[in-house]
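Using the sequences provided together with the hints, build the complete structure.
This is what each chain is made of:
Protein chains: 2
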Amino acid sequence: MSKAEDVGLVIVGSIGLDTIETPFEKRESLLGGSVSYACAAASFFGKVGMVGVVGTDFNDEYMAVYNRFGIDLAGLQQVEGETFRWSGVYDADMINRETLATDLNVFEHFMPIMPESYRSARYILLGNIAPELQLHVLGQVVSPEFVAADTMDLWIHIAREKLVEVIGRVDMLTLNDSEARLLTNQYNLRSCAETIRQMGPRYVVIKKGEHGAMLFGPDGLFLVPAYPVAAVTDPTGAGDTFAGAMMGYLAQQGNVSDSTLRTALLHGAVVASHGVEAFSLDRLVTLSPSDIAARLVELQAMMAV
Amino acid sequence: MSKAEDVGLVIVGSIGLDTIETPFEKRESLLGGSVSYACAAASFFGKVGMVGVVGTDFNDEYMAVYNRFGIDLAGLQQVEGETFRWSGVYDADMINRETLATDLNVFEHFMPIMPESYRSARYILLGNIAPELQLHVLGQVVSPEFVAADTMDLWIHIAREKLVEVIGRVDMLTLNDSEARLLTNQYNLRSCAETIRQMGPRYVVIKKGEHGAMLFGPDGLFLVPAYPVAAVTDPTGAGDTFAGAMMGYLAQQGNVSDSTLRTALLHGAVVASHGVEAFSLDRLVTLSPSDIAARLVELQAMMAV
Numbered sequence: 157m158s159k160a161e162d163v164g165l166v167i168v169g170s171i172g173l174d175t176i177e178t179p180f181e182k183r184e185s186l187l188g189g190s191v192s193y194a195c196a197a198a199s200f201f202g203k204v205g206m207v208g209v210v211g212t213d214f215n216d217e218y219m220a221v222y223n224r225f226g227i228d229l230a231g232l233q234q235v236e237g238e239t240f241r242w243s244g245v246y247d248a249d250m251i252n253r254e255t256l257a258t259d260l261n262v263f264e265h266f267m268p269i270m271p272e273s274y275r276s277a278r279y280i281l282l283g284n285i286a287p288e289l290q291l292h293v294l295g296q297v298v299s300p301e302f303v304a305a306d307t308m309d310l311w312i313h314i315a316r317e318k319l320v321e322v323i324g325r326v327d328m329l330t331l332n333d334s335e336a337r338l339l340t341n342q343y344n345l346r347s348c349a350e351t352i353r354q355m356g357p358r359y360v361v362i363k364k365g366e367h368g369a370m371l372f373g374p375d376g377l378f379l380v381p382a383y384p385v386a387a388v389t390d391p392t393g394a395g396d397t398f399a400g401a402m403m404g405y406l407a408q409q410g411n412v413s414d415s416t417l418r419t420a421l422l423h424g425a426v427v428a429s430h431g432v433e434a435f436s437l438d439r440l441v442t443l444s445p446s447d448i449a450a451r452l453v454e455l456q457a458m459m460a461v
Numbered sequence: 157m158s159k160a161e162d163v164g165l166v167i168v169g170s171i172g173l174d175t176i177e178t179p180f181e182k183r184e185s186l187l188g189g190s191v192s193y194a195c196a197a198a199s200f201f202g203k204v205g206m207v208g209v210v211g212t213d214f215n216d217e218y219m220a221v222y223n224r225f226g227i228d229l230a231g232l233q234q235v236e237g238e239t240f241r242w243s244g245v246y247d248a249d250m251i252n253r254e255t256l257a258t259d260l261n262v263f264e265h266f267m268p269i270m271p272e273s274y275r276s277a278r279y280i281l282l283g284n285i286a287p288e289l290q291l292h293v294l295g296q297v298v299s300p301e302f303v304a305a306d307t308m309d310l311w312i313h314i315a316r317e318k319l320v321e322v323i324g325r326v327d328m329l330t331l332n333d334s335e336a337r338l339l340t341n342q343y344n345l346r347s348c349a350e351t352i353r354q355m356g357p358r359y360v361v362i363k364k365g366e367h368g369a370m371l372f373g374p375d376g377l378f379l380v381p382a383y384p385v386a387a388v389t390d391p392t393g394a395g396d397t398f399a400g401a402m403m404g405y406l407a408q409q410g411n412v413s414d415s416t417l418r419t420a421l422l423h424g425a426v427v428a429s430h431g432v433e434a435f436s437l438d439r440l441v442t443l444s445p446s447d448i449a450a451r452l453v454e455l456q457a458m459m460a461v
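Chains H and C supply the protein sequences, listed in that same order. If you read the first sequence in the numbering used here, its first letter stands for residue 157, the second for the next number, and so on. If you read the second sequence in the numbering used here, its first letter stands for residue 157, the second for the next number, and so on.
Treat the hints as calculated values from the structure; they're not laboratory data. One thing to keep in mind: the hints can contain errors.
Said to hold, decoys possible - Selected chain C positions facing chain H (in silico; Cβ < 7 Å):
| id | residue |
| --- | --- |
| 1 | Leu229 |
| 2 | Arg346 |
| 3 | Gly373 |
| 4 | Leu379 |
| 5 | Pro381 |
| 6 | Ala386 |
| 7 | Val412 |
| 8 | Thr416 |
| 9 | Arg418 |
| 10 | Thr419 |
| 11 | Met458 |
| 12 | Met459 |
What the hints assert, rightly or not - Every beta carbon over 12 Å from chain H, so not counted as near; a handful from chain C, in silico:
| id | residue |
| --- | --- |
| 13 | Ala286 |
| 14 | Val297 |
| 15 | Lys364 |
| 16 | Ser415 |
| 17 | Arg439 |
| 18 | Ala457 |
Treat the numbers as computed from the prediction; the structure is a model and nothing was measured. Glycine included, each C-beta is placed from N, C-alpha and C at the ideal position.
See below:
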């Protein structure tokens with residue numbers, strides 16, 4: 157049974173300290189990782205519980221950021237060692253990027269543990285992390301209403317079998333267009349989505365970055381455009397932010413009707429578009445519900461005929 | 157004054173016999189060129205006049221295709237020599253392509269002449285063709301209500317000055333995203349559109365192929381998605397088809413209000429999505445108004461929240 161202090165949405169994923177270089181600027185040791193972006197985005201819509209791991213170098217300033225979003229940290233483990241670190245450099249197009257270094261550190265032996273207060277959560281987002289860890293989380297939840305999983309090319313390459321097992325057990329898979337093609341060995345995105353849906357999930361969201369996203373489900377197709385931001389500062393975590401806001405909205409609404417799902421994707425697009433306007437969670441920290449509402453109105457006006 | 161036999165929409169552009177190779181098939185001497193695609197697409201919405209040139213090798217079968225669309229051919233010149241020929245090969249993504257050969261032939265000395273019955277046309281589409289020829293057409297029209305021009309990277313490279321003159325004299329410029337970036341030397345598409353609008357046109361349409369198009373104008377931004385076709389056979393001419401259908405719809409409606417423009421772009425997306433399902437004009441030849449109407453309903457359902 158759900159208790160008052162139980163969280164409605166739980167997100168698992170990576171926590172990283174990122175070094176990011178864009179054509180305009182280089183920044184070091186930025187708070188990042190899929191669960192950081194996703195929880196921050198989801199927090200605008202209700203209580204969200206985080207499952208992740210950090211090292212002893214994860215200082216109070218980073219913790220303070222999580223606390224500013226009111227994220228429930230009962231599932232956050234702090235262990236001996238260094239936090240996961242990633243560094244990458246973006247091309248001039250601010251889309252393609254090269255990974256310069258990946259240091260797993262405390263991630264290497266991470267085993268996600270769901271606190272008791274998370275186990276009856278009705279909404280679960282398995283953020284981008286090794287499929288084996290996603291499965292481990294799935295094994296600890298009690299009949300959630302809606303589980304979404306995100307993934308990336310790395311896992312398709314090195315852990316396809318486990319990933320297919322995850323895909324077979326979730327309600328929605330989110331991934332980007334090139335990953336959908338890699339996973340299915342097909343090019344046309346409708347065909348990709350159809351193939352993935354046959355692997356299990358009722359819903360597939362194909363993310364296309366600045367070109368928006370496509371929702372495939374039993375009620376047909378929904379095309380959500382990306383909000384065209386005037387200046388992208390750092391696209392890192394945009395997909396995680398999108399997924400987090402989408403799941404936060406669903407948990408807030410408490411249903412996954414076609415109309416709610418479509419509106420959830422719009423919220424994902426809006427929050428993600430704010431997120432890329434600054435490095436790390438910097439823009440999300442200052443973001444207000446009225447900023448989200450205003451841009452939602454603006455985006456819907458751009459879609460209206 | 158407009159007479160009963162006058163056409164409401166005139167389109168100028170290239171007529172070519174194309175040799176096209178996709179990853180799946182190679183086809184030769186296909187009827188193509190910007191004005192062929194644009195006029196065929198526009199013909200679903202009313203009478204359209206064609207301004208172009210062909211050689212003596214342009215046989216009755218090709219002419220019969222134009223006649224099937226009911227295109228007014230008073231502005232079509234047939235001269236001694238061979239028709240313009242283009243050949244290209246598409247990458248596996250069916251988007252990027254390499255031009256293998258371009259033979260200007262009769263195009264080299266082409267000077268577009270507007271028949272008397274075209275000169276009072278209220279809607280003009282300057283299809284993709286040398287800016288100098290677009291200017292020549294502009295010099296022969298009498299106060300049209302709405303002039304749109306399309307262009308391509310070639311003219312930005314070799315005829316920028318004349319192209320800028322064209323841009324300064326039209327109501328709308330349509331071009332694709334990479335061309336917008338090339339023309340303005342900016343990356344962000346909102347900035348590109350703003351810069352182009354400062355060069356003259358009230359409206360800029362940035363075409364993004366399978367990712368749709370963006371309309372920038374005094375009433376804000378409209379994001380039209382591409383209809384996701386199940387199988388692309390040949391993307392050649394999709395941009396011309398889009399522009400032709402859009403202008404055909406505007407001429408049919410007889411106004412360029414924001415709402416009409418948005419609906420015109422939707423029609424452009426729908427007709428273009430049909431066009432890429434076959435080589436040349438093959439799909440447009442079999443297309444019916446009810447096919448267009450049905451896919452328009454389908455596309456709008458994919459945009460509805």
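Results of checking the hints against the structure:
no.	hint	verdict
1	Leu229	34 Å, violated
2	Arg346	5 Å, holds
3	Gly373	12 Å, violated
4	Leu379	4 Å, holds
5	Pro381	4 Å, holds
6	Ala386	6 Å, holds
7	Val412	15 Å, violated
8	Thr416	10 Å, violated
9	Arg418	5 Å, holds
10	Thr419	6 Å, holds
11	Met458	5 Å, holds
12	Met459	6 Å, holds
13	Ala286	30 Å, holds
14	Val297	30 Å, holds
15	Lys364	7 Å, violated
16	Ser415	7 Å, violated
17	Arg439	17 Å, holds
18	Ala457	7 Å, violated
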